[in-house]
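*Asks:* Work the whole structure out from these sequences, hints included.
Take 3 as the starting number for the sequence shown in the working numbering and just add one per residue.
No wet-lab data here; the hints were simulated from the structure.
Since we're looking at a predicted model, the values are computed, not measured.
C-beta atoms are modelled at their ideal positions from N, C-alpha and C, and glycine is treated no differently.
It cannot be assumed that every hint is accurate.
Label-pair ranges, simulated between beta-carbon atoms [what the hints assert, rightly or not]:
1) R7 x V33: 36 to 42 Å
2) G43 x G5: 54 to 60 Å
3) C38 x A15: 41 to 47 Å
4) V39 x L14: 33 to 39 Å
5) V11 x G43: 43 to 49 Å
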Amino acid sequence: MLGVRLGVVGILAREDVKVLTVYVDLSVICVVCVDCVICIGLEV
Numbered sequence: 003m004l005g006v007r008l009g010v011v012g013i014l015a016r017e018d019v020k021v022l023t024v025y026v027d028l029s030v031i032c033v034v035c036v037d038c039v040i041c042i043g044l045e046v
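*Replies:* Rendered as structure tokens:
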């Protein structure tokens with residue numbers, strides 16, 4: 003029973019990590035895009 007619980011917790015934790023990495027990737031992309039827009043705006 004305990005093993006099953008640990009397995010479920012492990013799966014949920016892995017899903018959380020996946021979601022977190024996606025969020026981090028997206029926020030990094032957003033920051034880069036904003037930087038590019040600011041740079042282009044300053045150059046124009």
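*Asks:* State for each hint whether it applies.
*Replies:* Hints and how they fare:
1. For the pair R7 and V33, the beta carbons lie near 39 Å from each other, so the given range of 36 to 42 Å is met.
2. Restraint check, G43 to G5: a C-beta distance of roughly 57 Å satisfies the suggested window 54 to 60 Å.
3. A beta carbon spacing of about 35 Å between C38 and A15 contradicts the range 41 to 47 Å that was offered as a hint.
4. The beta-carbon spacing between V39 and L14, approximately 37 Å, falls within the hinted interval of 33 to 39 Å.
5. Remark: the range hint 43 to 49 Å for V11 to G43 is upheld by a beta-carbon distance near 47 Å.
Hint violations for this structure: number 3 only, all remaining hints satisfied.
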